[in-house]
Every structure is written in structure tokens, then in C-alpha cells.
Amino acid sequence: MKLNIFFLIFFLSSITFSQESTIDFTLKNIENEDIIFSEHLGNGPIYISFWALWCEPCKAEMKILQKLFEKYHTDGLTVFAINRDTPKSLAKVKAYVSSQEYSVPILLDPNAEVFEKLNGQAIPYSVLLDAKGNIVKTRTGFLPGNEKNIEDDIVKLLPEKKSLNDEDSH
Amino acid sequence: MKYFFSRIILAFFFATTFSFAQNITTSVSNALRYGTGKENVGEAGQFEITKEYLDNISDVRLFASNFTLGFRLEMSNPPEFGIPFRGLRKKYIEFQKENFSVRAGDSYALFGRGLTLNLFENRTLAFDNSVEGIRATYRKKNFSAAILGGDIHFVEPSTILIPPLRKENYQLRAATTEVNILKQFSLGTSYTWAKGFLPTFIPEINDTIIANIPEVFASLRFPFADAFVSFAEKKTRIGNVDSAVGSALYLAFSHSGKQYGITMEYKNYHFDIVHPFNPSFSNIFRPTRMLPFQNPPTVHKEHSLTLLTRYPHLVNFNDEVGLQLDGFFALNSTVTLNGNFSMASKHSAYEINWNNFQLKKLSRGKSWLPSLAKERSPFWELYFDVDYFFKGEDSYVKIGYDRRNEIVYEIFAVEHEQYQRITVVPFIVQYTFDEIWSTKISSEQQWLNKFPTKKRYFTQLISMQISRSPDISFGFRYEFTNSPNEPMKKKNWLVFECGYRIGTSHTLTFAYGSERGGQVCSNGICRTVNPFNGARFSMASHF
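Taken in sequence, the protein lines are chains A and B.
First residue of the first sequence: 1, per the numbering used here; consecutive thereafter.
First residue of the second sequence: 1001, per the numbering used here; consecutive thereafter.
One chain only, chain B, in its complex shape (with noise of 0.2 Å):
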């Protein structure tokens, strides 16, 4: 406690010290949240325990000439989610002239499109996969590079509310580079190796795992179209055995013109396939897997509505083929279509032959596409939308539709099979009285139909939000289902909100009644929200 305040002090002394002074720009932003009330937890919700958290977040920047210096004072205990924690959560020190920076604590990273290397922060998620050490770029006209050394100290999400938590450390260096051959066309590569030390079943026991990662890539760029490509292969090894050798392929390509855009994506990850009779197939957290310090593209459409978020298809970077395709189409300064369609399947089918318990491959399409056959656990999503604006463009009526087909396949236990076909229709209003006053109304109608039982469930969530800009909004969320298996038999959920600012710098909300939870998922990583029924409030601030 008292090493935690003289810390606190510390920096605090630092950063009024510096706000004095002459050419020191300083930025603070800090993050409150309070709720208490009871949260169902479980793995079916089962279970109402009683729920109070305090979260608070502040983030320090200070700029001096060419340096900036950087660090976070956290106190969540006990915390909405995640893991509690009271201290300096982050610290970092960058310099910057030029062409040239480096930096050393905490970082983040991206190369090329994340098949190797893609370092970053989603508090929403909790997930932080940022690495300790020194980080340095360079980048010219024509050419860039960077290389990052560190050590990296993760915590699996899926895993943060099962005790014990899975942490596993990793030691990393990567670099990257990019050449600009023609002005049309640059070229890249980078490199990845990694140390791990990840937990087994047995507690005081780690598999350490080496990991060699290359990739290349590639971009041609147009003033009318943009394509990449991107190749990454990943070699993994367990004590001195060479136990794994995975790839990923992802490409993209673009095309707009006036008023209309298409974008066309691919996916072939297989970067630890394993064959169904492998003793580890069903061990999700098998060392051989993609590592959490990579993060490609997903590749198909992840929505911001509520219920277009409730059944996520869940990327298998491990062994999954797939595309997408989006376009929009601007008919004229009111309306707008949006459409998109994405598709995924994993690489191969297999079916069990029961008398000789022998696998056979089944030969359901071309392992490079993705295929609709169930014993490839398929998946497809069909979206579009009209955006229609009216009142110089302050107000706007949006209407969509969305299919979703998935199948999860159950090579020993067919039956069980996982069918699911989910349709939602979203309608959103939004309607500016004058240059204060507005209304923002949303209507989300699912239909959720699970087979082989042929189920159907709906679920209808209704929300209304006034503002009175610039300082106050307020309004209500209700949700209602038939489905009979939410937790404590729950078929209505009501929350009222409002917010408040004071003035640009300060944001309170307060948000008081019932919540369904549900998962959150950004760019494939998922985290399930425990319902929560009680008050919770936010302060968000800047200096």
C-alpha cells in the first residue's frame, strides 16, 4: 500500500512539475466506474452472486520536445472484469525526430496485417497482449522498418473468470520491413521469433515452446483500386522436437469509383491443423496453436448493433478458409446501400467409420474455398442495409437485414451437432428537432432457430435516446425473448440511462436497471458479459 502511494505521488509530482514548466504539453485522461447489484455468473448464469467493482483509470501523457513520456496509475479492485490490480499498470518513455523514434516499456505493434504480429490493447475486451522492452522504427520515402524485443505477459481472456487464470510469458523478437519498389508497389517482410512458456494441466509444469515466424507481403496501390497479399508461416517447437508447421494466407483487394466501393477479402489460415484423431485436438489451448501476439484479419462482417453481436461466429485461426465481400453504393446525396457476404468453413472433412473406427476424408469441395458441407462446419452471413438522410443530413432512417448460417460439426458425436440459423432485422431512427434537441430510436427484431429441434426463439430489443446537445442524453434499452434458457428464467431485461457532460473535458453516465450480457467480440477475440442486474456509474475524463 504504501509502495503503491509513493507512486502515485511520484508521478504526480512529476507531472504538475512538468505542466509548469516551459514546452511541456501534458494530457491526462481518467476512467471511473462504479456498479453495484448482482451478476449471474456460471457457465450457464446459474449462479446470482452479488456484484460491486471500482475501476479507475489514469492515463498520463507528457510531451517534451522531441520525448514523451507515458504511464498508467490503474486501482480496479475488485474490477468490472479482468484481473484486480493496484499500481503502475503501464509505463513507457518515446523519442521521436524525424523519421526515426524509439522507445522503451510497454509497446504495441503491427505488421503488415497481424498473420505475425499484431500488439495491442481492448480494454472493452480486456484483452492486452503489449510487450516490455524496446520498440524502434525508422522510415524514409521509400522504405521503413522496425524491430521490437521484449517480453510479453498474457493473460487468456476466454480464461480471466475461471481460476486459476492461464498467464502464459513470452520472450519476443521481430522485425519488419517495407520497400517501396515502384509507387505503385512495395514489397515487405518480417520476422517473428518467440520464446513461450505456457501452463500445462499439470500446475507446476510448462510446455516452453519456440516459434519461428516469417511472412512476406505485398501491396499494389491505384488511385482506383488497392490489392495486398500477405503469406506467414509459423514453425512451431516443443522442448527439441520440430513439432508444427503452420501457414496463413490472407489477401485483399479494393475498388472504388464515385459514389460506390467494393471490397473483396480472403483467408486461409491453417496455422495448426490437427487431425481429428490427435490427442490434442480438442485442447484449445494447445501449444502448437496461433500465439496471442498474432491477429489477422477476421474476415467477415462484425456488426455494432446488439443483437447482430450476440451470436458471434467465433474465428478458428488454426483451421479455417474463407472470404468476404462488401460493397456500399451511394444512389445519390440521401441514400446509401450497404451489403456484405462472407463465407468460412474449415480446410477438410472427415466422418468416422464406426466398425473400424478408422477416419476417412471426404472429399466435400476444394479445401482452398470455403464449402457449405456440414462436416466442414460452415459458415455464412448475408447483410444489407439503406441508409436514407434527410434534413441536411442531421437526421436518417436505417433499415437492414441480416442472415447468419452456422453449422458445428461434432466428428464423434453427429448428433450433437451444433445447427443454428439466425435472422435480424434492425430499424434505426434518428430525427433532429433543431440545432438542440434530438432522438435516436432503434428497433432489433432476432429470430434464432436451432436445429436438429427445430427451436425458434425471438428476441426483440427496443431502445430511445434524447439528446439535448451539447451536455445531456437520456433514454431506456428493453429487451425481451421466449428463449427458455436464460439464466433465472429471465424473459425482460430494462435499463434507463442518461448522461451528462461538463463541457468538453467531463462525461458522467448513470445507468440503473437490468442487463442479458451477452459476448463482445473485436477482431476475433470474444469476452462474455455476466448479466448484471443493478446501478452503474462513469466518469470519463480529460485534462
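Here chain A stands alone, though its shape is the one from the complex (with noise of 0.2 Å):
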């Protein structure tokens, strides 16, 4: 009974309210900022990824998501990369991320609120939303050779289409 009500309440809830974007959360930054999600739609598509000191993978997927920030910052692209690192090693993420001087925006999910708003499972774990907030991919897993499959489906969704295959040719 309890959980039926539960249900009606949100039914009800969201055909009231629902206008507008759905998915929507407040993370600190490695600076200490807030960085709120919604904030940040409307530019292009959002690449969201979680990942954590302790996690090779992840590791390597950072250094291709600082490649592609770099690449399709000014087409509209927006990068946030997630850290899944519990308290224990918190406070090695900022040094980590200055030596590997990644400009990738930071944001720290110790607790995994986000992570388990979004979903996650197991990292790395990625998210490819439109410029309004929907989700078009998710991907768990990192293999070398990957970065061609996420580059192809975020050049997809970019306001003008550059894909890398193109620039190369001129």
C-alpha cells in the first residue's frame, strides 16, 4: 500500500512539474566549486565519466577524455569527469590530477550519490547525454582502442559536425 502511494505521488508529481530537462545534480569540484549539472546543457553534448585513483582503466580513459576535451571544447563539447575515490584517498586526487596537468573538469562524487543517481555499476563508467540532458550511451569498461568509439559518438551529437577522419584529410 505504502509503495503504491509512493508511485502515485511521483506519478502525479511529474505530470504537474514536467517542463523541462530531467537529470540534474550538484557536485564540488577539486577547486571546491559547486558545479551544478543543468547549468551546463543547451551548449552540446556532455560527457560524463567515472573514474578513481585506484582503477588502470580509468586511468587511461582520462588521458583520451583530456585528448577529446582539448579537441571539442570550443564545438560545444563539456566534459566532466567524475572521481569515485573514497574518503581514504580524497585528498590525492588534486595533487594527481595538477601533475598530470589535466584542464578536464573535476568533480568529486565520494560517496557515489551521482554514480548511483546515473546508474553505475562498476567503473569506468561513462555516460553520453544531448545538449538537452538525455542519455544517448552509457558504457562500462575501458579497452585500448575504445577512444575511437567514444570520439565517433560524441562528434555525432556536436552542434557541427568535425569528425577527426575529416580534419586529418585536410
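A hint or two may mislead.
[What the hints assert, rightly or not] For lysine-lysine, the following DSBU-like pairs were computed, each having C-alpha atoms within a straight-line distance of at most 35 Å:
no.	chain 1	residue 1	chain 2	residue 2
1	B	K1141	A	K71
2	B	K1391	A	K63
3	A	K156	B	K1195
4	B	K1195	B	K1097
5	B	K1097	A	K71
6	B	K1195	A	K59
7	A	K148	B	K1391
[As the list claims (entries may be wrong)] Rough simulated footprint, nothing fancy, chain B against chain A, three-plus residues with beta-carbon under 8 Å:
no.	stretch
8	31-37
9	52-59
10	108-121
11	140-150
The set of hints was computed from the structure by calculation and includes no laboratory data.
Built from N, CA and C at the ideal position, the CB exists for glycine as well.
With the hints in hand, could you dock these two chains into one complex?
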């Protein structure tokens, strides 16, 4: 009975309020500033990647993300690399990011609040959203060679499609 | 059964309804695990039983306007580990608008660094201390606050395989706030109140405890360095008696520059120091100990490689002082050096005089610093590795060295002290042949010396994986040991594994062979994985 009421309230509320983009969250970045996800909608695709210092495939994907961010940021791509380290290694995250000279925005999700909200099971876990905030693709795991698929997925969503191959041929 | 299926039908009815409605985003993930074979159980793995498990966990998220609805349907019967369950495991509804959010249902939370409150789930460990209740948070540019209230129904992970299950229930009320006084300086405080009902040795009787845990924390932030300090005090009352006062201090400092970074951490945890003559000294479930909704930082390196995690240091949050120094240096664009040193011990050392049965507190260094004196059960670890990246950073070689010493001192039976020295040399090569094919080969060698018996055991682990991007990977894992202490006197373990990805949404994995098992730990929480012989299949999906 309680459960049914729970669903009913949600259903009625959704109908009443449903007008705009649906996914939203607020996380701190490594500079301790609040980043509100919905404020970054509208420019182009958003690539969210969950990573941790202990996860080697995640760190390999981070190198790729940095390159993609540098390449497509001006075309509208937003990247959020969300760190999933627990409090035990939170202190090391900023030092690691600085030493690697990453310019990709790094957000902190130490108790997996957003990871759980976006339905992650294991890391590396990434979610690609379109400019309106709709989930287009999710991906768990990272293998060498996956960078080509990630780039293709992003390019398809850019306001002005610009593929790597086109650019290279010039 | 009827109830279970009616809930499933109801849940999926709403999920599909919302999916087709406008402005509704749906996310569904499903994890299916099946295994069949033989498992070794018992304290020394001496009993071999037939094991067949089937777990299916479906997580659904519905995003509509400012609302999120989440629920989990679970069928774990019988489970791979943990408790058999069939039904709706989790549910919540959340409203978020700009700086404000409120959530009703199952919630997680982290205050400061977790000295007072750290609620999270780790499926690998079968650990879940979520609260069922209401959580509200408010964030402004220079101010944030959160309140939380509800019930925790907690099952001790270390007792999961030992029936009867040890279940603890808590009523929890907690609040935290943090203010940025200056751009570089913020000050925070939190308070947790809990009423706990903990089982005793007599099944019908519970210990009822009241815990009050105030905390203050502060952080300093500069572009080149960060510092954080947190102090919490825990007062526990059993019945009407003020029974215990403990506290914890955690400090962290990190500094980074171009191509390098260093981090120093310090812990001084004495949530529940118990005198060795106290009858509850050996009771790990004593009600005055650190409670399961607290999970402070461990302050030692937690590894991801198999043999490095085989004999972990188990943090004693009730009585441990320690520090950690971690650093890395990018020599150039291809070579990275990583190093870590950590050390911990109990606060005080005792020695018993067998003539008059008096305990004497020994002077073995300062109690606020870790010591190497064996009477303080010292632990230290030194780790370093070198990474060399080549072929455009897609390929790399890593070689490392880990040395760990630990003594578990037994005051009343010094001859039974457990002293072990462990050395591990990991070596990993990942080579990318082209945009499609790559391989990863790992070798881990471990030498375990046990004293005073002077026994020395060697273990070798080799694994190889070949991947065809983006969809196929296959390989094997082989482990050998000369230790005679393994269940069934086994010396070799071999597992073949393969994975196949369908699109980006479904990943299938299959493994067949024998696994040695061991302990898996994260954030100071550990679970024993039993040795297993047989086949495992899993499918992870996202929709």
C-alpha cells in the first residue's frame, strides 16, 4: 500500500511539473566550487566519466578524455570526469590531477551519490548525454581502442559535426 | 510470491509508462550473475560444498522534471554472497531544484571525511549501511547544510556467512553544515545522534545504546596545496550509564606542482580503547566500538592487484594511530614514478607480570605517533612503482615493489604473536598492436615470511588478457603457491575467462576454472571470498 502511494505521488508530481530537462545534480569540483549540471546544458554533448585513482583502465580513459576535451571543447563538448575515490584517497586526487596537467573539469563524488543516481554498476562508467540532457549512450569498462568509438559517439552529437578523419584529411 | 510479482509488474508498468511520456528520462541497469561448482567453506576452507547461485539486480531510475524516482528489484536466491533476498530492495524519490534537494527513501551521505557519518554501498563486499528516511541538502556559494533522519538496518559483513546473522538496527538523526569564511578557508561542523539496538550473546536480549558524535572540520585550499583537519568525539551510553568516550583526529595535506604531487595523512583513531583487563577486550562487537555508519579514511595504500590485497592490514578504528606519505613524479611524458609509505600501530603498549597478574603500561614511544615496538602491534608498508608509456601512451610497462611488515601482539600469549613480512613484486605489460588488438600480461610474485616459525611461502600469479576492441576479450589467470595451508592442500589454480560486449549496453563474461579466493577490502571493510571451482556467468546491461 505504502509503495503504491509512493508511485502515485511521483506520477502525479511528474505530470504537474514535467516541463524541462530531467537529470540534474550538484557536485563540488576539486577547487571546492559547486558545479550544477543543468547549468551546462544547451551547448552541446556532455560526456560524464566516473573514475578513481585505483582504477588503471579509468586512468587510461582519462588521458583520452583530456585529448577529446581539448579538441572539441570549443565545438560545444562538455566533459565531467567524476572522481569516485572514497575519503581514504580523496586527498590525493587534486595532487594527481595537477601533476598530470589535466584541464578536464574534475568533480568529486566520494559517496557515489551521482554514480548511483546515474545507475552505475562498476567503473570506468561513462554516460553520454545530448545538449538537452537526454542519455544517449552508457558504457562500462575501457579497452585500448575504445577511444575511436567514444570519439565517433561524441562527434555525432556536436552542433557542427567535425570528425577526426575529416580534419586529418585537410 | 504473488506479492513479489505484483510489485514487479507495478514497477515495470510505471517504468514503461514514464518512458513513453514526454520529458521523462529512464535509465535501467541489470546485473545477472550465475555460478555453479564447488566452494570451500569453514574457517580454514576445510569443507567443500556444492554451490549454485543466481543473482539478478535491476536498478531503475526515472527522471522527470525536478524529480528522480529510483528503485531496485533484486532476486538473490541463493545469492553468490550475502543474504538471500527477493523483492524490492531499494526505493527513493528525490526532488532537486537549483541549490536545494530533498530525498525520501533509501539514502547515502558523507559528512566531512566520514568520522561521524559515511553511508555507502559496496556490492563487492556485500556492505550497505544506507539509511531509510529523509535527507535534505542546501548549497549556496559560501554555505552548505544537510540533515538526515531515518533507520539503518545493518548486517555485519564479517558475520554474513556465519549464521545466525548479526543484525543491528539504528535510529539516526544527523546534520552537517560548512561555511566558506574566506575563499581559501572553510569551517564545518556535524552532529550525529543514534539509538542502536545491538544483539548480545543472549539472542532475546539487545543492548540499547545512545551515541552522540559531534565533529568539527576545516579546510584550507590554495592552488598549490590543500589541507584538511577533522576531529570527532563519540559518547556512547548503554542504558543510563555514561559508558565510553572516544575520539578521532584526521589530518591531510597535499601539495602539487608541475609533474609531481605529494600527500601526507595522519590518523589518530581512539573511538574505543579498551584496557586489556576489561572483559570486553576481545569482543569485536562491543557496543561502545566505532559504529557501522562511521567510516573514516584508512590512511594506508589500498591496492588493486590480487596478491597485494591478499594479506591486508585490517584497520583498528577503535585504537590506531598512523600516517601515510604518498607521492608521484612524472619524470617526463613517458615515465612516472609512484611511491607510498604508511605506518600504523596501537596507541599504547602493555606487558603482563605473571607473578602478580598486573599489567604494566610500557613506555614505547609517544602515543600520538605510530611505533615499531612489537607490543604496539605495528604495521608498515613501503611501495613504489615505475610506469613507462610508449606507442602514444596506449602501451605501458609497470614494475613495482611492495614490502609490508605486521605484528599482531598477544599480551596474554606472547608466544602466539603473529609476525609476518610480505614482499610482492608486480610486473605488468600492456601492448597495443593496432587500433583493434591489444594484450595485457601481469605477473605478481609474493614471498610471505611468518615468524617466529621462520616459514617462508612463495606465490606466483600470472594472467594474460587479449582484447579485440571494442567487443571481445579473453584470457587466463594462473596461481601457484607452495604454502601447505590451503584448503584441500591445493597448490595450483587456473581460470579461463572471456568477455563479449554487445554494443555499449551489454557485457557478457564467462569464467571457468578454480579460484583461490582470499580477502577483498575497501575503505577498511573486508570480506572473505571463498575458494571456488566451477563456472561463472554474468551479464551487465544498461538500457
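Practice task
Quickly compare the C-alpha distance for B/K1141 and A/K71 to 35 Å and report which way the hint goes.
Solution key: Between B/K1141 and A/K71 the Cα gap is close to 31 Å, so the pair holds against 35 Å.
Practice task
Sort out whether A/K59 lies within 35 Å of B/K1195, counting only the CA atoms.
Solution key: Status violated; Cα separation ~42 Å.
Practice task
Take the C-alpha atoms of B/K1391 and A/K63, compute the straight-line distance between them, and say whether it is at most 35 Å.
Solution key: holds (14 Å)
Handout entry: chain B over the stretch 31-37 of chain A, status - at least 3 residues with CB closer than 8 Å
Key = It holds: at least three residues are needed, and the stretch 31-37 of chain A offers 4 whose Cβ sits within less than 8 Å of chain B.
Practice task
Please count how many residues of the stretch 140-150 of chain A have a CB within 8 Å of a CB from chain B and say whether that reaches 3.
Solution key: Our answer is that it holds, as 8 residues pass the Cβ test (under 8 Å) against chain B, meeting three.
Problem - Pair hint A/K148 and B/K1391, alpha-carbon separation not exceeding 35 Å - result: holds (16 Å)
Practice task
Assess, step by step, whether the Cα of B/K1097 is no farther than 35 Å from the Cα of A/K71, and give holds or violated.
Solution key: holds (33 Å)
Practice task
Measure nothing beyond the straight line between the CA atoms of B/K1195 and B/K1097; if it is 35 Å or shorter, mark the hint as holding.
Solution key: holds (32 Å)
Problem - Restraint status (C-alpha distance of A/K156 to B/K1195 at most 35 Å) - result: violated (54 Å)
Exercise for the section: Test coverage of the stretch 52-59 of chain A by chain B using CB-CB distances below 8 Å; three residues minimum. Expected result: holds (count 3)
Handout entry: Per-stretch coverage check for the stretch 108-121 of chain A, three Cβ contacts closer than 8 Å to chain B
Key = holds (count 10)
Checked against the numbered hints given earlier, the structure breaks hints 3, 6 and satisfies all the rest.
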